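Chains as they are written, first to last, in the working numbering: chain A, 1 to 165; chain B, 1 to 165.
Please keep in mind that the hints were generated in silico from the structure rather than gathered at the bench.
These numbers were taken from a predicted model, which means no experiment stands behind them.
Hints are all accurate, no fakes.
In silico lysine to any residue, SDA-like type, Cα no more than 20 Å apart, as pairs: (1) A:Lys158 - B:Asp111; (2) A:Lys157 - B:Lys101; (3) B:Lys60 - B:Asp111; (4) B:Lys101 - A:Pro9; (5) B:Lys158 - A:Pro79; (6) A:Lys157 - B:Pro79; (7) B:Lys157 - A:Tyr76; (8) A:Lys158 - B:Val97; (9) B:Lys157 - A:Pro79.
Protein chains: 2
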Amino acid sequence: MGHRAGRDPRLTTHLALAARALGARRMYLHPPDPALAARIAAVGRSWGEGFEIVGVEDWKSVIRSYGGLVVHLTMYGLPLDRVLPRIRRSPDVLLVVGGAKVPPDLYRLSDLNVAVGHQPHSEVAAVAVVLDRLGGIPPASRRSRARQAIVPRARGKKIVRRRGR
Amino acid sequence: MGHRAGRDPRLTTHLALAARALGARRMYLHPPDPALAARIAAVGRSWGEGFEIVGVEDWKSVIRSYGGLVVHLTMYGLPLDRVLPRIRRSPDVLLVVGGAKVPPDLYRLSDLNVAVGHQPHSEVAAVAVVLDRLGGIPPASRRSRARQAIVPRARGKKIVRRRGR
Numbered sequence: 001m002g003h004r005a006g007r008d009p010r011l012t013t014h015l016a017l018a019a020r021a022l023g024a025r026r027m028y029l030h031p032p033d034p035a036l037a038a039r040i041a042a043v044g045r046s047w048g049e050g051f052e053i054v055g056v057e058d059w060k061s062v063i064r065s066y067g068g069l070v071v072h073l074t075m076y077g078l079p080l081d082r083v084l085p086r087i088r089r090s091p092d093v094l095l096v097v098g099g100a101k102v103p104p105d106l107y108r109l110s111d112l113n114v115a116v117g118h119q120p121h122s123e124v125a126a127v128a129v130v131l132d133r134l135g136g137i138p139p140a141s142r143r144s145r146a147r148q149a150i151v152p153r154a155r156g157k158k159i160v161r162r163r164g165r
Numbered sequence: 001m002g003h004r005a006g007r008d009p010r011l012t013t014h015l016a017l018a019a020r021a022l023g024a025r026r027m028y029l030h031p032p033d034p035a036l037a038a039r040i041a042a043v044g045r046s047w048g049e050g051f052e053i054v055g056v057e058d059w060k061s062v063i064r065s066y067g068g069l070v071v072h073l074t075m076y077g078l079p080l081d082r083v084l085p086r087i088r089r090s091p092d093v094l095l096v097v098g099g100a101k102v103p104p105d106l107y108r109l110s111d112l113n114v115a116v117g118h119q120p121h122s123e124v125a126a127v128a129v130v131l132d133r134l135g136g137i138p139p140a141s142r143r144s145r146a147r148q149a150i151v152p153r154a155r156g157k158k159i160v161r162r163r164g165r
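So here's chain A without its partners, still in its complex pose (with noise of 0.2 Å):
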């Protein structure tokens, strides 16, 4: 929430990022950034597809339609440690971040208020933690259709390129 397309774009993309390498399937950017969401596209085309970007307008109605948890990120809120076990417990899980100032609104629409630490954070980390609380890192071989995968080495780069993608 309250991203700033107008402003450098690369914690946003971080956010996105994080998000899909580990393992979350979609991130609803508020306000639209199709521009973004192109380029996140184009990374999924590369290195595998099952994530994908939706701008929304109206933050109110993705959270009030939402048909699983809605966790606020928040260094004001319960200690993650303590509410995990509800969280896991939840199918479909909403993870939502936004910077410094967010609409007061959003405490009361949320189920959870969570804080990752109660400390000055980045939601870029607060996300990650509780992606992979829930669902540890994915494992390379879980991604479809990519054209490009990293074979693990203890030293340098080694990619593998798919033939006919």
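We have chain A already, so just place chain B on it with the hints.
Chain B in isolation, oriented as in the chain A frame:
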């Protein structure tokens, strides 16, 4: 590594805040950025000490003289799940991250090259996941000399300010 002080500093700021919030003691920043270090030091005066940024010109000497395990986080490395036990055995760990282009020497000078998923990623997320796997989320009470602290809440915000500071 490879911080670009002239550009939007939010990404490196997020990296520092995430490292601090998840229990790191020090960030070596290459190249140095005194303004950024000062902003993070101000966060420490407000929210608790125990984290510092040290500006670095010669990154190779930092890695060569480091007394613990040097772990370069890269999507090309060995899977975190496989090498985590080895990282946990070291009392001191230096995590090294950079942007898209890091010097090839870094792969050779590091003790381990480790991937937090073999996908395009965020270095903020990668550092956060490893720190969480190593030490978990530090309890709020661990911070010393904080002028203010958060009282965890299910809804809204509550901060207590300490007298005499």
